[in-house]
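Asker: Given next are the chains, with one letter for each unit.
Protein chains: 2
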Amino acid sequence: MGGVERGFPSAEFEARIARAQAMMRTAELDALVVTSPPNVRYVTGFASEFWESPTRPWFVVVPAEGQPVAVVPEIGRESFLATWLDDVRTWPAPRPEDDGVTLLAGVLQNLPRRFARIGWELGRETVLRMPITDFNRLCGLLRGIECVDGSPVLWALRMVKSRREIERHRVICGLASDAFEAMPGRLALGMTERAAANTLRLDLAERGVDAVPFVAACSGLGGYSQIIAGSREVVLGDGAVLIMDLGATWDGYFCDFDRNFAFGSATDAARHAYETVWRAVSVGIEAVRPGATAAELWGAMAAVLDLDEAGGMDVGRLGHGLGLQLTEPPSNRPDDATLLMPGMVMTIEPGLEYAPGKMLVLEENVVVTEDGCELLTRRAPEVMPVIG
Amino acid sequence: MGGVERGFPSAEFEARIARAQAMMRTAELDALVVTSPPNVRYVTGFASEFWESPTRPWFVVVPAEGQPVAVVPEIGRESFLATWLDDVRTWPAPRPEDDGVTLLAGVLQNLPRRFARIGWELGRETVLRMPITDFNRLCGLLRGIECVDGSPVLWALRMVKSRREIERHRVICGLASDAFEAMPGRLALGMTERAAANTLRLDLAERGVDAVPFVAACSGLGGYSQIIAGSREVVLGDGAVLIMDLGATWDGYFCDFDRNFAFGSATDAARHAYETVWRAVSVGIEAVRPGATAAELWGAMAAVLDLDEAGGMDVGRLGHGLGLQLTEPPSNRPDDATLLMPGMVMTIEPGLEYAPGKMLVLEENVVVTEDGCELLTRRAPEVMPVIG
Chain A
1 MGGVERGFPS AEFEARIARA QAMMRTAELD ALVVTSPPNV RYVTGFASEF
51 WESPTRPWFV VVPAEGQPVA VVPEIGRESF LATWLDDVRT WPAPRPEDDG
101 VTLLAGVLQN LPRRFARIGW ELGRETVLRM PITDFNRLCG LLRGIECVDG
151 SPVLWALRMV KSRREIERHR VICGLASDAF EAMPGRLALG MTERAAANTL
201 RLDLAERGVD AVPFVAACSG LGGYSQIIAG SREVVLGDGA VLIMDLGATW
251 DGYFCDFDRN FAFGSATDAA RHAYETVWRA VSVGIEAVRP GATAAELWGA
301 MAAVLDLDEA GGMDVGRLGH GLGLQLTEPP SNRPDDATLL MPGMVMTIEP
351 GLEYAPGKML VLEENVVVTE DGCELLTRRA PEVMPVIG
Chain R
1 MGGVERGFPS AEFEARIARA QAMMRTAELD ALVVTSPPNV RYVTGFASEF
51 WESPTRPWFV VVPAEGQPVA VVPEIGRESF LATWLDDVRT WPAPRPEDDG
101 VTLLAGVLQN LPRRFARIGW ELGRETVLRM PITDFNRLCG LLRGIECVDG
151 SPVLWALRMV KSRREIERHR VICGLASDAF EAMPGRLALG MTERAAANTL
201 RLDLAERGVD AVPFVAACSG LGGYSQIIAG SREVVLGDGA VLIMDLGATW
251 DGYFCDFDRN FAFGSATDAA RHAYETVWRA VSVGIEAVRP GATAAELWGA
301 MAAVLDLDEA GGMDVGRLGH GLGLQLTEPP SNRPDDATLL MPGMVMTIEP
351 GLEYAPGKML VLEENVVVTE DGCELLTRRA PEVMPVIG
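Residue numbers (the working numbering), protein chains in the order written: chain A, 1 to 388; chain R, 1 to 388.
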């Protein structure tokens with residue numbers, strides 16, 4: 001894919017761990033423990049759809065010094081030994097009465113103790129992927145060690161992408177831009193939302209995308225009233241406006257952007273709203289530079305859209321971070337003071353409810369550079385395409 | 001799809017809530033709160049890929065009497081009003097300083113208080129999909145109410161499927177059986193694991209499957225050494241045995257079964273192992289009847305496979321429950337005393353490591369009936385197919 005091969009060299013993971021360990025010293029943590037698919041993948045490279053099975057917990061310990069340790073079910077031994085990690089401990093899972101708890105407690109108790117604090121996925125936009133009853137039992141076993149929220153470290157770490165991570169965002173944004181540009185030739189007046197979504201999915205599969213975890217195909221006369229529910233058996237008739245919002249991955253990294261299509265004809269009001277939102281995207285992209293805040297991105301777009309602080313829409317923000325997950329911190333919101341830094345990948349996502357139940361949302365993806373940003377997606381057309 | 005339409009009538013959800021409420025009285029719970037995609041879908045029917053975004057938590061409260069209450073981000077208001085629920089409360093999310101916590105606490109505090117206990121997704125094979133720091137804060141706000149593990153009730157509820165749920169399992173198992181039976185005509189000596197997996201994915205998409213969250217395509221000479229990692233760029237040469245293990249859904253319900261293919265030629269040892277495992281499947285299916293335990297299913301298959309209690313493989317069990325998730329309780333293991341009941345959907349999944357690093361695993365899906373079981377998948381061939 002444009003000269004990029006799947007998988008990372010060990011040097012990539014070593015650099016991530018070095019950054020993590022520096023942050024852990026500042027946060028006064030002796031270790032981080034991760035349990036969720038994106039964080040385990042970030043630390044180890046382990047990629048598997050087996051996460052779909054909720055039966056077994058998986059743990060990776062990142063100590064403040066030295067190499068990470070995987071504490072995983074026996075069924076994963078070989079897969080974890082195939083990662084860059086050397087230290088893989090296993091137990092025979094499933095074993096509901098003790099699914100890794102005492103094994104993990106032993107590993108954590110034997111770590112060098114400096115701060116007597118271990119960070120876990122307990123905070124904002126993270127999920128602890130293990131039974132909470134087991135987590136509480138485990139914390140009880142760790143006498144003299146405090147279990148605290150490690151999510152600020154995890155997000156600070158993941159928010160700034162490496163050169164290799166950005167390459168992957170370029171690949172998936174390029175493939176998805178190709179697919180969206182082919183859509184006018186594949187959509188037709190009278191097809192259903194569901195058929196439109198399936199057309200996009202098939203097209204993406206043929207282009208070599210790895211996975212398409214998110215497609216929203218939502219329509220309404222002149223605009224749509226929501227943008228999250230799955231596509232329905234609703235016919236795209238004259239005057240319908242369809243949003244196709246897409247989260248697809250290549251080698252683990254997401255694109256998240258949308259395109260809008262009018263069917264048959266578009267009213268002046270719908271056209272005008274589209275053009276206003278398109279201008280807000282331009283202004284948003286121009287506002288992206290190191291040192292700006294996420295709140296300033298919101299402000300720049302909100303001025304074009306004439307939004308007050310309540311936002312005028314139920315979406316609650318005008319874009320967000322992007323990476324191994326469809327959405328990541330920060331949020332482009334009036335109260336998010338996160339400073340943009342080179343390497344952060346962001347969505348620019350203004351939207352307008354120009355009449356009750358008639359929304360128009362546009363979205364592009366950018367990466368923050370030393371002096372501004374690089375557009376990862378190819379911009380949507382300046383005028384809303386009409387499917388004849 | 002065989003006369004089955006997507007979506008459930010309200011009567012289906014009302015019956016689920018009635019069963020839940022009966023179980024909650026026995027478990028002495030005033031309410032259950034669910035936060036995770038399968039449990040929210042089970043209670044409300046809400047289906048959305050927007051779960052991919054970890055930013056916002058979602059809550060559904062099932063009180064011991066009366067109707068469920070959705071406490072969800074504003075972005076989901078319309079989608080939840082489109083479900084069978086009438087009572088939908090929203091807050092402007094994301095709002096990290098209070099993402100639904102005080103709103104939900106208010107709803108819970110106003111419930112009739114009989115046991116002063118509320119059940120949450122805290123136990124076996126469940127995930128609490130909200131920041132644990134928020135959960136702890138919320139439990140602190142609920143003065144006089146104890147937050148306890150509600151997962152035994154949730155699993156007892158979901159483990160037994162309704163007639164309509166079983167219809168959906170039949171649809172997806174039928175579609176996937178069709179796809180697997182077409183594979184010998186689509187696989188070829190010399191293709192890669194990744195190409196084989198993509199071939200299956202595309203075929204399934206064309207047949208109208210909704211999603212394919214899990215495909216493992218793993219190969220090795222005469223057998224494979226693991227069955228969970230994603231497919232690789234490994235060529236399927238002479239003597240390779242490929243397992244394709246598949247978790248696909250239709251209207252939310254999973255199939256989970258596999259097929260094996262030899263490439264070029266198969267050794268006698270590999271053929272023999274396949275046939276042994278195939279016989280173990282037959283014995284496993286025959287052992288399924290109401291009143292048998294999951295442990296007895298394990299025992300019947302283990303006898304054919306000549307396994308000791310350690311299992312001889314790292315998989316840790318010989319099948320499991322199936323439903324809205326790829327794997328659900330119970331586990332076919334020597335220590336799982338769960339009684340089979342009519343309506344339980346199970347996988348029968350014996351496997352053998354007949355030489356170091358050479359595994360063969362076969363899997364079928366069944367539903368427990370009044371006097372035995374009904375096979376949902378069409379059995380794998382009795383002799384391992386060879387791709388020429």
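Simulated from the structure, these hints should not be mistaken for lab results.
Note that the structure is a prediction, hence the values are computed from the model and not measured.
Hints are supplied without guarantee of correctness; some may be wrong.
A pair holds if it fits inside one copy or across any two, identical chains being indistinguishable in the list.
Unchecked claim - Derived SDA-like pairs (lysine to any residue); straight-line CA-CA distance at most 20 Å:
1) 358 - 136
2) 358 - 211
3) 358 - 229
4) 358 - 106
5) 358 - 81
Asker: Which of the listed hints are broken here?
Answerer: Those not satisfied are hints 1, 2 and 4.
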